Each structure stands twice: as C-alpha cells, then as structure tokens.
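Knowing the structure of chain R, use the given hints to seat chain D on it.
Number of protein chains: 2
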Amino acid sequence: MRNFTFQNATKVEFGKESYKKLPEQLKKDGIDKILMVYGRSSIKKIGLYDTLIESLNAAGIKVNEISGVQPNPRLSLVKEGLKKFKETKSQAILAVGGGSVIDTSKAISAGYYYDGDIWDLFAKKAPVKEGLPIYTILTLSATGSEMNGNAVITNEEAQQKWDISSKALYPVVTYISPELQYSLPKSQTINGAVDAISHVMEFYFDTTPRTEIQDALAEGIIKTVIKATETLIEDPEDYQCRAALAWGATLALNGLLATGKQGGDWSSHMIEHALSAVTDVAHGKGLAIVFPAFLEFSKDKIMDKLDRFAEKIFGIDTGSKGYDSDLAIKALKDWYKKIGQPVKLKEIGLEEEKIEVIADNAAQIAPFGQIQDMDKKKILEVLKIAYK
Amino acid sequence: MRNFTFQNATKVEFGKESYKKLPEQLKKDGIDKILMVYGRSSIKKIGLYDTLIESLNAAGIKVNEISGVQPNPRLSLVKEGLKKFKETKSQAILAVGGGSVIDTSKAISAGYYYDGDIWDLFAKKAPVKEGLPIYTILTLSATGSEMNGNAVITNEEAQQKWDISSKALYPVVTYISPELQYSLPKSQTINGAVDAISHVMEFYFDTTPRTEIQDALAEGIIKTVIKATETLIEDPEDYQCRAALAWGATLALNGLLATGKQGGDWSSHMIEHALSAVTDVAHGKGLAIVFPAFLEFSKDKIMDKLDRFAEKIFGIDTGSKGYDSDLAIKALKDWYKKIGQPVKLKEIGLEEEKIEVIADNAAQIAPFGQIQDMDKKKILEVLKIAYK
Numbered sequence: 001m002r003n004f005t006f007q008n009a010t011k012v013e014f015g016k017e018s019y020k021k022l023p024e025q026l027k028k029d030g031i032d033k034i035l036m037v038y039g040r041s042s043i044k045k046i047g048l049y050d051t052l053i054e055s056l057n058a059a060g061i062k063v064n065e066i067s068g069v070q071p072n073p074r075l076s077l078v079k080e081g082l083k084k085f086k087e088t089k090s091q092a093i094l095a096v097g098g099g100s101v102i103d104t105s106k107a108i109s110a111g112y113y114y115d116g117d118i119w120d121l122f123a124k125k126a127p128v129k130e131g132l133p134i135y136t137i138l139t140l141s142a143t144g145s146e147m148n149g150n151a152v153i154t155n156e157e158a159q160q161k162w163d164i165s166s167k168a169l170y171p172v173v174t175y176i177s178p179e180l181q182y183s184l185p186k187s188q189t190i191n192g193a194v195d196a197i198s199h200v201m202e203f204y205f206d207t208t209p210r211t212e213i214q215d216a217l218a219e220g221i222i223k224t225v226i227k228a229t230e231t232l233i234e235d236p237e238d239y240q241c242r243a244a245l246a247w248g249a250t251l252a253l254n255g256l257l258a259t260g261k262q263g264g265d266w267s268s269h270m271i272e273h274a275l276s277a278v279t280d281v282a283h284g285k286g287l288a289i290v291f292p293a294f295l296e297f298s299k300d301k302i303m304d305k306l307d308r309f310a311e312k313i314f315g316i317d318t319g320s321k322g323y324d325s326d327l328a329i330k331a332l333k334d335w336y337k338k339i340g341q342p343v344k345l346k347e348i349g350l351e352e353e354k355i356e357v358i359a360d361n362a363a364q365i366a367p368f369g370q371i372q373d374m375d376k377k378k379i380l381e382v383l384k385i386a387y388k
Numbered sequence: 001m002r003n004f005t006f007q008n009a010t011k012v013e014f015g016k017e018s019y020k021k022l023p024e025q026l027k028k029d030g031i032d033k034i035l036m037v038y039g040r041s042s043i044k045k046i047g048l049y050d051t052l053i054e055s056l057n058a059a060g061i062k063v064n065e066i067s068g069v070q071p072n073p074r075l076s077l078v079k080e081g082l083k084k085f086k087e088t089k090s091q092a093i094l095a096v097g098g099g100s101v102i103d104t105s106k107a108i109s110a111g112y113y114y115d116g117d118i119w120d121l122f123a124k125k126a127p128v129k130e131g132l133p134i135y136t137i138l139t140l141s142a143t144g145s146e147m148n149g150n151a152v153i154t155n156e157e158a159q160q161k162w163d164i165s166s167k168a169l170y171p172v173v174t175y176i177s178p179e180l181q182y183s184l185p186k187s188q189t190i191n192g193a194v195d196a197i198s199h200v201m202e203f204y205f206d207t208t209p210r211t212e213i214q215d216a217l218a219e220g221i222i223k224t225v226i227k228a229t230e231t232l233i234e235d236p237e238d239y240q241c242r243a244a245l246a247w248g249a250t251l252a253l254n255g256l257l258a259t260g261k262q263g264g265d266w267s268s269h270m271i272e273h274a275l276s277a278v279t280d281v282a283h284g285k286g287l288a289i290v291f292p293a294f295l296e297f298s299k300d301k302i303m304d305k306l307d308r309f310a311e312k313i314f315g316i317d318t319g320s321k322g323y324d325s326d327l328a329i330k331a332l333k334d335w336y337k338k339i340g341q342p343v344k345l346k347e348i349g350l351e352e353e354k355i356e357v358i359a360d361n362a363a364q365i366a367p368f369g370q371i372q373d374m375d376k377k378k379i380l381e382v383l384k385i386a387y388k
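Protein chains in written order, with full-length UniProt numbering: chain R, 1 to 388; chain D, 1 to 388.
With the rest of the complex left out, here is chain R:
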C-alpha cells in the first residue's frame, strides 16, 4: 500500500425518490437560479422532468435548461451550456442524467472559471482550479461521475476523447434513486455494468504490492455487480438489484479503490476512448472488447492477480488446474458474451485498417499505464488482439 490522500465530500442521497429532497437542499444552499443539463427525451418519458420542474418552481427556484447531451458527450454542447449559464446568470448546475450529462456539467463548471479555450483544460495546458456547485440526479449507473471530480468529453472536430480531473468538480449533492433506471434499455444497463466493472479492474490490476484490503473490496464490488446485472437482464424492475448495481458503480470510482494504489492502470480506458472518438461505439461495449485484449497483452506482468481474479470472481479452482492466467481472461470474456456484449472489434463492424487510426489517436496522450508504459506500438498490439 502506498501513501495516499483521500477526501470525498460529495453528499449522496440514496434511495427511492431521494431526488425529491432537491428543492429543499437548493433553498438551504441559497440557490434560486439553476441551469439544468439533460439528454433527450428519457427523463421526460419517465415523468422525472415534469416532477422536477414543478417542485423546483413551487420552491421558487428558476430553472434554465440546456438539453441534447449524447453518449460520448461533445465539446460543442459544453460551449453552448457555458454560454447559457452565463446569459441566464445561473448560480449552480443541475445535472439530470448519466455520466455524459454529469461530465458535460463538470466541463461547463470548469470552463466557467477559465478564460481561454475550454479544451486547454483537457489538453492539460492549464489546470482546473475552481468549479461551480453541481447537483446531480443520476439516471444511469456506469461512470461513477456522480461522486468524483472526473469528466470525459469528446472534441468532435479533433476526434479527441479526453478527460479532466479536479477536486473542484465533485458534485455537492448526488441523488441516486435506483427506480429511475427501471425503464433503461437493456443495452444501457449492461454497458453501465461493464463500465463499472472496468473501473474496478483498472485499480485491481494496478501492480502496487500489498493492497489486500483494496483488492478484497474490489472483488466484493465486482461480484455484486455481476450478480445484479444478471438479474436485471431478466427483471429490469428488481429494485434491490438496481440499488446494488448503482451503489457498486458509485463506489467503483469514488476514490475508495484508489487508496494505496499507484493511480490505477487506465490503459484500457485510454485505448477505448480513442476507439469511441473514432467510431462512436458505446463506452461499455468498447471496454468489453478492449479490456480483455489488454489483459491478454499484459498477462505476463499480472499473472498472480489474474489467478486470484479467476478464483475470487469466477470461482475457478486455479490451484488444481495449475497456473494459467488465460482462465481469468476467458472467464471474463465468457461473461461478457453471456450478457450480450461484443468481445472483438470485428463484431462492431470495424475495418481492420482503422486500427492504425485508433492507435494514432490513443498515442496522442501516450505514454500511459501503470502496469507498463504504453506507447503506440503496444497500443497497436492490444488492438490487434482485440480485432482477431
């Protein structure tokens, strides 16, 4: 275990209809004008939009809006949102949606306090120093963005999907009401679960020695998410499984699993971001393809951990079968297949020549990775494994 600093002041209001506490919270915090950020029609379909507008107006809170956030959220909308925030003289942001909506809100928040081009912050040309108060109502469990200071945005012109991370971007209060996710398309629930599991794995396979406690917590979260996801595929309205998946996804990336580690690996995420930037594939699908390929590429360096993973997550008696790191990777891929995820680039219709483009894209921010320094050549090898 390495030295670490841990602090996460976000307040989580978790449970059925917990979001109904929002107007009271905003009033307590002295906020009477907000910019609400959301996606398209889904929050209207489930009645959440009307409930919120009505209750916020009743509490005397003026709601301005910006909508149209898409998966792999775009820089252009961030800029529009920032303009709107300034024009309407809003005091805080209310993000109603999943990770894309929350990340868009965080980017607006960071941009508000930066005079230059927002993309400078993502290109790490300038640090994020301050942020606006952000309140989130989560409608899709996946990214963990509801309880951390990270945001990933796609610059569609430059085909760059890059991130920012700052203490200043943690939401003030996050409302997680699992029942809001009952009507999600099955694929979104599954993509979210794969994203959450991938976050846990980024820390789990970090090679920092002697992180027994973090590894045990990681295994607990992955196993719970796996079980919950399997049930939700059959019964999307199982409240307890929605709750388990939701809380698991939040804990996966709220800093807890990072404690004592060397930051996590994140190579799979970096490569997947390039894949999404080029092809617009859903992040959860991209990860189901890239992560096992990355593990395959790195297996010699993480033998022990793969062995433990096979045993603890999938109950494989690695002892009696001898030392075989492929068991873990095969079990993970089999589970992804079982829940309907692609595990090969071919399956999402990618042409083989595109691999080079994706590797170039990812290499823009190379070297990255904790397990090893990933450069273009290595990224290409991972993508080749992912293609085959």
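These aren't lab readings, by the way, just hints derived from the structure by calculation.
Keep in mind that this is a model prediction, so the values were computed, not measured.
Be careful, since some hints might not be right.
The list treats identical chains as interchangeable, and a pair is accepted whether it falls inside one copy or across any two copies.
Claimed, not checked - Dumping the calculated DMTMM-like pairs for lysine to aspartate or glutamate here, alpha-carbon to alpha-carbon at most 25 Å:
1. K129 with E80
2. K11 with E65
3. K167 with E17
4. K129 with E24
Leaving out everything else, chain D in the frame of chain R:
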C-alpha cells in the same frame, strides 16, 4: 438495502510520516493557536511529541496542551480540556493519540458550543449542533473515531459510558501514519483489531435484507484485519500489515458499511460499555467476551448470516456439515483465544454477582439493538452466557 444519506468530508492523509504535513495544513486553514490533546508518555517515547512541537513552533503555531487521557476516557478531563481551550483562546484541537484522545477532543468540541452541563449531550437531553475544527494524528487503530462524528466518554462519578454522534464532530483532517504504531504493546494492537472487527460485525449482523454489497465489503475488511493482526503479533514492525489494519479500522466505522443498513445492531457495544464503566476492562477485551455471547443469544434470528460468516471469514464449508450456526461463533471465539483474548467474563476476574450491576447499567439506555429490542432481562441473559 434501505435508503440512506452518506457524506464524510474528513480528509485522510495516509502513509509514512504523513503527519509532517500538519503545520502546512494548519497555516493554510488560518490556524495559529491550537490545543493539543494527548495521553501520557507514549507519544513522547516515540519522539512524536518533540517532532510536532518543534515543527508547529517553527511554523509559528502556538501549542497549548492538555494531557493524561486514559482508555475509557473520562468526563472530568473533558471538562478540564474545555476550560483550557477557552482560557488559551485556542482556535482548533489537535488530537494526538488513539480513540480515547480523539473522543475527548470531540467532547471538548461539542461542549464548547453548549452552555449547560456537557453530560446533557451524552444523555441526549440536548443535540450536538456545532463543533470546533479537529485535526487528528492517529497512534492506535481501533475505534475509527479518526473518520467519523462519534465519541464515547465515561462519566466516572455516575459510572456511565455513553456516546454522542454528530456531523459537526468529524475531524477536518486525519493523519494516519502506520509506523507510529510499531511500538504499541501487543495487547493494544490486539484490542484495537477486535474493536475494528466488532464495528464491522455490528453492521454485518444488522438484519436488513439484500445488502450484498455492504456484506461483501465487510467480509473483505474483516479478513484483511484478521490476517494483518496475526502477522503483527509476530512482527509488530511489518509496515504493510500496520497499514492494512489501520485502513481497515478506519473503513470499519466511517459510514461506508452503514449505507443501506438499519444503523447496525450495537447491542454488544452497549453491553460492553456498561462492562467497561463498571470494571474498567479494556474495550477490545470486553468485546471479545460480549460479542460471541450476544451472537449465541441471538443466533436463531441470524442463522443465515452466521452461516455465511463461518464460510466467508473462516472458510468453513457449512454446506457439507449441515446448517449449524454454532460453527461461526465457535470459530470467532477460537480466533480470539488464538490471539490471546479472553472470551469469558470469568477470565477477567469478574464476580458473578456483578453481572446484575452491569445489566442495570446497560439497561439505563435500553431498549437498544436492531436484531431485537434488548431489555434488562435479555441483557442479563447475554451476560450469563458470557460468564459461563
């Protein structure tokens, strides 16, 4: 999983010599006069006292002191500390020690903002509304007080060991430097581990259904603490085991395991507090005696959980042996015996007649408990099991 609110803003600085960041932090927070609270000689023996005084003075921070905090910390010293805090016009409290020192500091903090008798707050005659800024340097991992808003104080005149709990009492920053615990007497390390495990068990045996994720985290923490403790008995200077035990003890009671539960059971703690109030036995020893007895008394109501506990913590194949909740309790007691803890009241020299006094003492705050409502009669039955 039940609805919950989770928030814990305490900043944890974890690692070798992390406490050296304290002067800089205090200056950043605009604090130049503190009241330092500590126990007796141990922080002087390990050189921590001199290092702190020197570095704080060098940073221009005036240090006032109150020392002499004992295990089962006393109300009289809290009152002395409060007087000193006011006299010296300190701006914040620096707690250097274990749970007793931190709890004393929290009680001073709560008392500062209350005009009446401090004990009113513990008797729940008045709520804790405000608190002073508290900084802690942890030298004994056990109570988890370094990352929560709880404090337990003994009113020695009334022989009452009672608690307060408030959002206002969370430390601002906590420094956990595992190497500060190298020279602890073996018994203190062991008592601390038993306390930490007991906190986890208070939540684990809470009967709220469908808390898979919390239970998995709980098992991860208990298993890690058990392993670390066994090594530390042999090699008290194993840094990684000190770190695992320390972080496990903090996570055991920082709110994480409480999420979705009905508050935990806490009967064992309430009964042990009465035992300590009457006999002054160390909390960790008292818990090693009371907790298994309480589980024995409650076993019909927590059969499934005991079964799971036996399997997950002690690797007992309960399936093949049939359903037998005694296996878990026996395994727990065996482990306590193995690490040298008493598991019977007889072993600490208690006279049987005293059981009635302890039950009366505990019954002052009855009914308590989540598994069942504990009244005097039931408390007495637990104590009888613990005696035999």
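Against the structure, the hints come out as follows:
| no. | hint | in the structure |
| --- | --- | --- |
| 1 | K129 with E80 | within (21 Å within a copy, 43 Å between copies) |
| 2 | K11 with E65 | within (24 Å within a copy, 35 Å between copies) |
| 3 | K167 with E17 | between (28 Å within a copy, 23 Å between copies) |
| 4 | K129 with E24 | between (29 Å within a copy, 20 Å between copies) |
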